[in-house]
Amino acid sequence: MSNLTRYDPFSMEPVSDLFQGLFRPMRGMLAAEESELSAIKLDLTESEKAYTVKAELPGVDKKDIDVKIDGNVVSIHAKVERKTEQKEGERVIRRERYSGSFARTFSLASDIDETTANAQYQDGVLSLTLPKKAAAEQKRLQIQ
Numbered sequence: 001m002s003n004l005t006r007y008d009p010f011s012m013e014p015v016s017d018l019f020q021g022l023f024r025p026m027r028g029m030l031a032a033e034e035s036e037l038s039a040i041k042l043d044l045t046e047s048e049k050a051y052t053v054k055a056e057l058p059g060v061d062k063k064d065i066d067v068k069i070d071g072n073v074v075s076i077h078a079k080v081e082r083k084t085e086q087k088e089g090e091r092v093i094r095r096e097r098y099s100g101s102f103a104r105t106f107s108l109a110s111d112i113d114e115t116t117a118n119a120q121y122q123d124g125v126l127s128l129t130l131p132k133k134a135a136a137e138q139k140r141l142q143i144q
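Sequential numbering from 1 applies to the sequence shown in full-length UniProt numbering.
Rather than coming from a laboratory, the hints here were simulated on the basis of the structure. Just to be clear, a hint being listed does not mean it is correct.
Across the chosen pairs, the derived CB separations fall in these ranges [as the list claims (entries may be wrong)]: (1) ASP123 with ALA39: 15 to 23 Å; (2) GLU114 with GLU56: 17 to 25 Å; (3) GLU48 with VAL92: 49 to 57 Å.
Here are the simulated SDA-like cross-link-like pairs (lysine to any residue), alpha carbons at most 20 Å apart as the crow flies [said to hold, decoys possible]: (4) LYS133 with LEU44; (5) LYS132 with THR115; (6) LYS68 with LEU42; (7) LYS41 with LYS54; (8) LYS62 with LEU108; (9) LYS41 with THR105; (10) LYS49 with ASP113; (11) LYS68 with VAL125; (12) LYS62 with VAL80; (13) LYS62 with GLY124.
We put the beta carbon where it would ideally sit given N, CA and C, even for glycine.
My request is simple: use the sequences and hints to build the entire structure.
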């Protein structure tokens, strides 16, 4: 059911709606730019025995990366801190280098064997080798 409202030509609502519509594209661009900077891009491949993940984390120190495995859920968290030195008499005109933290969590079809999982970080790429857990044999219950 739709709501009916009475049109009032002297109301300020149309003016505020005009301005909201005018600036909406700019808000969208800022949100897209921010999400693009903070997203972890990854490639995921699967073989019979393991999953392989390659995640792009440019400019991140190895000590600032945290990978957690819980069953079939993998979480990658990273933190980037940019030291900004500003000399006296200088002013920043534009700052585009990202600083902050970001994360990516995804689930896989099979549980991961955490004890044999391996992670390496080189040249801004995090490589994970995630062996699949052996499927437990089903136990048949005797009905009494």
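Against the structure, the hints:
1. ASP123 with ALA39: 15 to 23 Å: holds (19 Å)
2. GLU114 with GLU56: 17 to 25 Å: Given about 23 Å between the Cβ atoms, the range holds.
3. GLU48 with VAL92: 49 to 57 Å: Hint holds: Cβ distance 53 Å, inside 49 to 57 Å.
4. LYS133 with LEU44: Distance of about 17 Å is within 20 Å: holds.
5. LYS132 with THR115: holds (11 Å)
6. LYS68 with LEU42: Distance ~16 Å between LYS68 and LEU42 Cα, so the pair holds.
7. LYS41 with LYS54: With Cα atoms ~8 Å apart, LYS41 and LYS54 stay inside 20 Å; holds.
8. LYS62 with LEU108: Violated - the C-alpha atoms of LEU108 and LYS62 are around 24 Å apart, more than 20 Å.
9. LYS41 with THR105: holds (12 Å)
10. LYS49 with ASP113: Holds - the C-alpha atoms of ASP113 and LYS49 are around 10 Å apart, at most 20 Å.
11. LYS68 with VAL125: holds (17 Å)
12. LYS62 with VAL80: holds (11 Å)
13. LYS62 with GLY124: Distance ~9 Å between LYS62 and GLY124 Cα, so the pair holds.
In summary, the structure is inconsistent with hint 8 from the numbered list given earlier, while agreeing with all the others.
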